[in-house]
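Asks: The lines below spell out each chain.
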Amino acid sequence: DTGVSQDPRHKITKRGQNVTFRCDPISEHNRLYWYRQTLGQGPEFLTYFQNEAQLEKSRLLSDRFSAERPKGSFSTLEIQRTEQGDSAMYLCASTLIDSNYGYTFGSGTRLTVV
Amino acid sequence: AQSVTQLGSHVSVSEGALVLLRCNYSSSVPPYLFWYVQYPNQGLQLLLKYTTGATLVKGINGFEAEFKKSETSFHLTKPSAHMSDAAEYFCAVSDAGSARQLTFGSGTQLTVLP
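Chain order of the listed sequences is A and B.
If you're matching positions, the first sequence starts at 1065 in the working numbering and goes up one per residue.
If you're matching positions, the second sequence starts at 3 in the working numbering and goes up one per residue.
Chain A on its own, in the form it takes in the complex (with noise of 0.2 Å):
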């Protein structure tokens, strides 16, 4: 068990560009979660899979935003034509459904959009 892997840390790029971040659910989990966190606040609920089935997204995920869970594994989560308001921390989280509440988040990817 290595945890939440979240790829990449980091990610700086320019108004109107596509970015994709990955993350790595713990292997037995069978939920995961995003989440959007701005400076001086606390995370906000963006989507949440279970299994390969996205089954809720908040208000805050709009059009230009869009994520997937393939085979019910691995997840990404795709920014198209970034805005400087898309800056944030991107964080996942993933737990198994009935485990008692065993939420574990990953590090994060701060996006930087310039």
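The set of hints was computed from the structure by calculation and includes no laboratory data.
Treat the hints with care, since some could be wrong.
As the list claims (entries may be wrong) - Keeping only pairs whose Cα atoms sit at most 25 Å apart, straight-line, the calculated SDA-like set for lysine to any residue is:
hint, chain 1, residue 1, chain 2, residue 2
1, A, K1075, B, Y41
2, A, K1078, B, N43
3, B, K70, B, Q4
Once you have looked at the hints, place chain B on chain A.
Replies: Structure of chain B alone, referenced to chain A:
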């Protein structure tokens, strides 16, 4: 809808003094409550959680919290602060529904003075 209020965005204590970080929540269903700690440029680490049972919950690093339903509170305490406790602390709530995503407060930055 759920919400979390953390009173005091910044708290300073002297080393060896009592740490008290306040958290109040609102939830229309019985809540599950969490405290997380975040060090700079890192993800979230679970300190402790309340789901059911005993209302006084003990966590890692000497922290504990008490669920008080009548006061809708879940304050975090530690009898004696250590320099290594300096970090940002987040209170979070989840419901017993199927999504179980976490709703976070805006965080409290704890400074420990020598």
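Asks: Take the hints in turn and mark each one as holding or not.
Replies: Against the structure, the hints come out as follows:
Note on K1075 of chain A and Y41 of chain B: the hinted pairing holds, with a Cα-Cα distance of about 19 Å set against a maximum of 25 Å. Taking the CA atoms of K1078 of chain A and N43 of chain B, the gap is about 21 Å. The hint holds against a cut of 25 Å. Between K70 of chain B and Q4 of chain B, the direct Cα distance comes to roughly 17 Å. Compliance with the 25 Å bound is thereby established for this hinted pair.
No hint from the list above goes unmet by this structure.
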